[in-house]
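Fit chains B, C and D with the ligands to the known structure of chain A by using the hints.
Given next are the chains, with one letter for each unit.
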Amino acid sequence: MKVPAEKKMEMLRSMLLTRAFEDALQVLCQIQGKIPGMMILCTGQEAVASGVCAALQNEDFIISNHRSHGHLLAKGADPKALMAEIYGKRTGCNKGKSGTLHLAVPEVNAPCTTTVVGGGLPISVGVAFAQKYRKESAVTVCLFGDGAADEGSFHESLNLASLWQLPVLFVCENNLYAGAQRFEEHTRVKSIADRAAGYPMPGVVVDGNDAPAVYTATLRARETAANGGGPTLLECRTYRCRGHGEADPQHYQPKEEIALWKQRCPILKLEKEMLQKGILSAEELEKLREDSRKAVQEAVRFAEESPWPDVAEAFQDVYVSDL
Amino acid sequence: MKVPAEKKMEMLRSMLLTRAFEDALQVLCQIQGKIPGMMILCTGQEAVASGVCAALQNEDFIISNHRSHGHLLAKGADPKALMAEIYGKRTGCNKGKSGTLHLAVPEVNAPCTTTVVGGGLPISVGVAFAQKYRKESAVTVCLFGDGAADEGSFHESLNLASLWQLPVLFVCENNLYAGAQRFEEHTRVKSIADRAAGYPMPGVVVDGNDAPAVYTATLRARETAANGGGPTLLECRTYRCRGHGEADPQHYQPKEEIALWKQRCPILKLEKEMLQKGILSAEELEKLREDSRKAVQEAVRFAEESPWPDVAEAFQDVYVSDL
Amino acid sequence: MQQLGMGQAVQQALREEMLRDPNVFLAGEGVGVSIHFNPYLPTHGLLEEFGPERVKDTPVSEQAIAGLAVGASVAGLRPVVEIMFNPFFTLASDMIVNHAAKLRYLSGGKSTFPLVVRIKTGAGFGAGCQHSHNLEAWVAHSPGLKVVMPSSPADAKGLLKSAIRDENPVVFLEDMTLYFMPGPVPQEEYLTPIGKAEVKREGTHVTVVAWSKMVGVALKAASQLAEEGIDVEVVDLRSLVPLDKETLLGSVRKTGRLVVLHEATRTGGFAGEICAVVMEEVFWNLKAPFRRVTGPDIPVPVSPPLERFYIPDEEKLKAAIREII
Amino acid sequence: MQQLGMGQAVQQALREEMLRDPNVFLAGEGVGVSIHFNPYLPTHGLLEEFGPERVKDTPVSEQAIAGLAVGASVAGLRPVVEIMFNPFFTLASDMIVNHAAKLRYLSGGKSTFPLVVRIKTGAGFGAGCQHSHNLEAWVAHSPGLKVVMPSSPADAKGLLKSAIRDENPVVFLEDMTLYFMPGPVPQEEYLTPIGKAEVKREGTHVTVVAWSKMVGVALKAASQLAEEGIDVEVVDLRSLVPLDKETLLGSVRKTGRLVVLHEATRTGGFAGEICAVVMEEVFWNLKAPFRRVTGPDIPVPVSPPLERFYIPDEEKLKAAIREII
Ligand SMILES: Cc1ncc(C[n+]2csc(CCOP(=O)(O)OP(=O)(O)O)c2C)c(N)n1
Ligand SMILES: Cc1ncc(C[n+]2csc(CCOP(=O)(O)OP(=O)(O)O)c2C)c(N)n1
Ligand SMILES: [Mg+2]
Ligand SMILES: [Mg+2]
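Protein chains in written order, with this note's numbering: chain A, 1 to 323; chain B, 1 to 323; chain C, 1 to 325; chain D, 1 to 325.
The shape of chain A in the complex, shown without the other chains:
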């Protein structure tokens, strides 16, 4: 399938934005007291989020996990509101209650993000159920890691989605690590996609560092799902270039492995391809990079200048109206 140039441009733009956003976070989270909590980045995995979201319609939903920055930015979330939330500021997309780990952006149909590993799977099935119930043509995408594919929730979710032929795409971002465990240390299955046979549903493996390939595979699975053909399990093979979180010294990740995968950077790959095909000029690329840097600078400024929430606000939003 030929991927349109404007789609490639869209993917490149969102990958660049994510990379710039997280490059900033990498630095910021080192500064004592600036950003609360863990800092979990998707550096090197951007093609998954960008490829997937480029294949989606606005009305499609995504349910994300702890490694969500790329997913949400690719779906169109406002970097300012995200950054302010990561800082814990009142202007954050979740008023400082969620921080980086459970960013919810209903405006772009990412109504909730869960950091409970595997927790997104049953929820995505529920969202897809609502879509089918209302006879919509929209679909739901659940993004989760290879580690999450070992949780019981994975199994229950895929079985139910298959049974009811729900319009959901299970996108496993296999970055070869779950915490400190290498993929082959947490399961003997050669590929997460092999598990599709157990439900059954189509199981597809794609190069997760190749945004257009992810886009194409997602588009196909989306088509199937939106037309009543049921769910697909799509495994995107990629690599976690940084630690599980920024506090992780990566002592268990071979240096050569990291170096190898850095060469396979999904952004460089797409840039190169677009430059070669002549659908992107060096100047345009520089402009894109500059745009994303600017957007991130603005987001950081916004977050820095935003006020902290007042302690009374801690009591708000537990219930729809206070008890």
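Hints were generated in silico from the structure; no laboratory data involved. Among these hints, one or two may not hold up.
A few chain A residues facing chain B, derived, Cβ under 7 Å [as the list claims (entries may be wrong)]: (1) Gly152; (2) Ser153; (3) His155; (4) Asn159; (5) Ser162; (6) Trp164; (7) Val189; (8) Asp194; (9) Arg195; (10) Ala197; (11) Pro202; (12) Pro307.
A partial selection of chain C residues facing chain B, derived with a Cβ cut-off under 7 Å [said to hold, decoys possible]: (13) Ser34; (14) Pro59; (15) Gly124; (16) Gly126; (17) Gly128; (18) Ser303; (19) Pro304.
Virtual Cβ for every residue (Gly too), placed ideally from N, Cα, C.
Relative to chain A, chains B, C and D with the ligands alone:
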């Protein structure tokens, strides 16, 4: 593989005992106030328990579920202690605390039974872990239903057992129903054994109404497991001839289906084969039946004559020594 | 007035709400085709009436059932899902406690999760501790959830209808024994507000606080004690969260004495919460120490004499009341 | 005496028990190779010392981890498994509450389940409510389990060693903040019995009952109040089940006043149990209403000012004490 005549005799004997035991329960549980709780029978499925247990060594463990009578009798449990427990008497194998649903018989290496669907799977992995840890040659068998294969615990257990190559046999008793749901109403997978690919481990399907076939398949899987070859998922195809429990009017089970499977009775099948092969005479068969009836009568008498527990006993056995 | 068991009352509530709002659907193990064929049970007949699109039998997968509710509710539907027996709440508890309850807060109030989880609860049917284990105290200790435990068919209907219309996740616990105890249920449409306790019986000497099946026990004990001249006030909480402190405290302010009655095991049970709240607020009115009458700290045993012993009854309650009068 | 953080103390306990008893093994997510490389953490270095047969890194599968402990323990081993953060207890709760806790009873006392489930708990690291949610009250409401929550490195070591040797399933909750607060730990072998509270500070005006990290808060408040002439007794429960009623009641009998302090959310928290027990038994000695100082009934928020507000501190405790003095 040729199944020795004495093994066939052993299986026939345990199937007859189970059938007689449950035929008695079928009647007893109708009598108001005689037996507490639900009454869940395995009538028609006896070949699974008998075939599996005939292939086991005494030191092997089994972990059973809510439909456990056949499993435990085949493993050698004392029918008197079981019957008294089912009545809720002090002389029951669990002093009246468990009743029919969670019969534990450590004497025959069935240290616990759980009625939480799927609950036995992670526990069996733990038992098998202990066996491997101590470098024993024994194995653990987990018996569970087709419905249990949809629980998250199934997935987590098979993955862990495969990862660590534990000596455990996952025996799925696929009786085509999970509660009121037909097999194809609770999953689209054609065979539970297909799920083996997802871990991966060998997945085997066998005629669950053919005791020698179950025996042979179990023996093979046991051999593999005991020799460090890891777990097997063994699906025994059978049929739930009675309701989920005795209070179930089976309104959703087609009459013809029940009739058809009654003709496939595993006991009649083995009897016929043994009679034809001349390894069993009509008189011997009559004697076997008589023996099992007598054992059950004795068990019922024992249960009837046994005392109720005293209320003070309710406080015992929560902790090893009282708090 | 119609006389219904609580199962039938729940059934009516479900039927009326499904007729009213096409976004309401049911899901759970055996909510459509059940291993029982019994019109007294809550979802009997609803599959036939509303069809398989709205009455969804699920696989045995509690996490998926609860997750279905979380996802469907945030996407705009009004799921009413069933967890078959209270101990299996454990299997759904990550979805209910870490997700249904918290995701609204985590969204800064942007997302809503209007869902109901119905759970069958209560000992007394000889099934043992893996089927009988009252865990309302767990749910009540989970901010973000409402917790409803009706004591009568009429309340069950009115409260469930309110729960279905509530914008928040509600856990609705039905004691199975009540399915088979008929009571009057108004024919006309009504809602019972969540968060209002009911004084079931006025009295002056002692306040007994109870909920669910235990309200009946309290009323029985109260009328027996009346003959001895002990005048018991019985407060039915109806919901643990929100807790109607006004009614609760008002009653104890008046009587100066408190006994809390629940079936759940004692240690860590919700009676502790009631005692603490009352102690904090009305200490100076108190005339005697509190008493708790609860299930003992043991798993529910199967043997009939032991199970009977486990469930608090009017004798135990009367003894406790007499201790502090 | 050696000065250790609580993580190091736990590490010593694990090491000593593993050396003593070959049946002890560890399992959990990252107990061997961890995403942290930090000697202050509880299982650091144990994989290197005892090898992969006895220090088992598991997949992200909490049900399997807890089930592993149940099965291995009934088969004669002494598993010590870890659930990474308290909210994930939900995912293991069926195995722990319906199985580890009940299967002994269901066997009529024939089978034993000598296992330890270590759980990291406590807010204060900005990770939000899906990582921070103190659920000790759930565990304490589950008959069959023991529940230990140490407040100091020395206690953590002695209590964990006792837990590992206990024939019953023990849930052992470690507040992560304590990992980084050094305290003295005896060099020589010792066991701290489970079920004995400790009076950390004697006082005459009011009893403050606390456990885990909150004991430190209580002691700080106590020494500050001493300057105002308020003499606070601080009781560290150490274990919630068994509950050392003798020490607890003895203290309140003496002081006549009680404040319970915990980090968990208020409604349904274990403070209620303490209040109820004391109220039932020493009512006639009481001089004032009780107070509870707890986390508010909200999920733990991430934003630093909100999270700080969530965690009870000495100011809140002192205010509560002053209210009733
Ligand atoms: C239920 C649960 N268990 C454990 C954790 C701790 N944890 C956070 S991320 C993670 C690893 C997840 O690996 P994977 O799913 O492959 O995602 P990745 O981090 O590689 O993107 C773990 C164990 C958690 N958040 N939730
Ligand atoms: C976790 C859990 N959910 C629901 C139930 C109620 N229940 C008991 S048996 C059963 C059906 C199990 O079907 P299957 O595993 O196929 O076993 P079978 O009864 O056919 O032998 C259900 C839903 C339960 N006991 N445990
Ligand atoms: Mg991963
Ligand atoms: Mg079945």
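Hint-by-hint comparison with the structure:
1. The closest approach between the C-beta of Gly152 of chain A and any C-beta of chain B is roughly 2 Å, which is under the 7 Å cut-off, so the hint is satisfied.
2. The restraint placing Ser153 of chain A at the interface with chain B holds, with a minimum CB-CB distance near 6 Å, inside the 7 Å limit.
3. Interface hint status for His155 of chain A: upheld, as the beta-carbon distance to the closest one in chain B is roughly 3 Å, under 7 Å.
4. This hint holds: Asn159 of chain A has a C-beta 5 Å from the nearest C-beta of chain B, less than the 7 Å allowed.
5. With a cut of 7 Å, the hint placing Ser162 of chain A at the interface with chain B holds, because the nearest CB-to-CB distance is about 5 Å.
6. The interface hint given for Trp164 of chain A is broken, as the beta carbon of that residue sits about 9 Å from the closest beta carbon of chain B, more than 7 Å.
7. Annotation: Val189 of chain A was flagged as interfacial toward chain B, and the flag holds, the nearest CB pair being 5 Å apart, inside 7 Å.
8. Interface restraint check: Asp194 of chain A against chain B, minimum CB-CB distance 6 Å, threshold 7 Å, status holds.
9. Hint status for Arg195 of chain A: holds, given a least beta-carbon distance of 4 Å to chain B, under 7 Å.
10. Given the 7 Å rule on beta carbons, the hint for Ala197 of chain A holds: about 5 Å separates it from the nearest Cβ of chain B.
11. Taken as an interface hint, Pro202 of chain A does not check out: its beta carbon lies about 12 Å from the nearest beta carbon of chain B, beyond 7 Å.
12. The beta carbon of Pro307 of chain A comes no nearer than 43 Å to any beta carbon in chain B, farther than 7 Å, and the hint placing it at the interface is violated.
13. The beta carbon of Ser34 of chain C is positioned within 7 Å of a beta carbon in chain B (closest approach about 6 Å), and the interface hint is therefore held.
14. Because the smallest distance between the Cβ of Pro59 of chain C and any Cβ of chain B comes to about 4 Å, under 7 Å, the interface hint for this residue holds.
15. Taking 7 Å as the C-beta contact cut-off toward chain B, the hint placing Gly124 of chain C at the interface is violated, the least distance being around 10 Å.
16. Interface restraint check for Gly126 of chain C: the shortest CB-CB distance to chain B comes to about 3 Å, inside 7 Å, so the restraint holds.
17. Among the interface hints, the one on Gly128 of chain C holds; its C-beta lies about 5 Å from the nearest C-beta in chain B, closer than the 7 Å criterion.
18. Evaluation of the Ser303 of chain C hint against chain B yields a held restraint, the C-beta minimum of about 3 Å falling below 7 Å.
19. Interface restraint check for Pro304 of chain C: the shortest CB-CB distance to chain B comes to about 5 Å, inside 7 Å, so the restraint holds.
Taken one by one, the earlier hints fail for this structure at numbers 6, 11, 12, 15, listed in ascending order.
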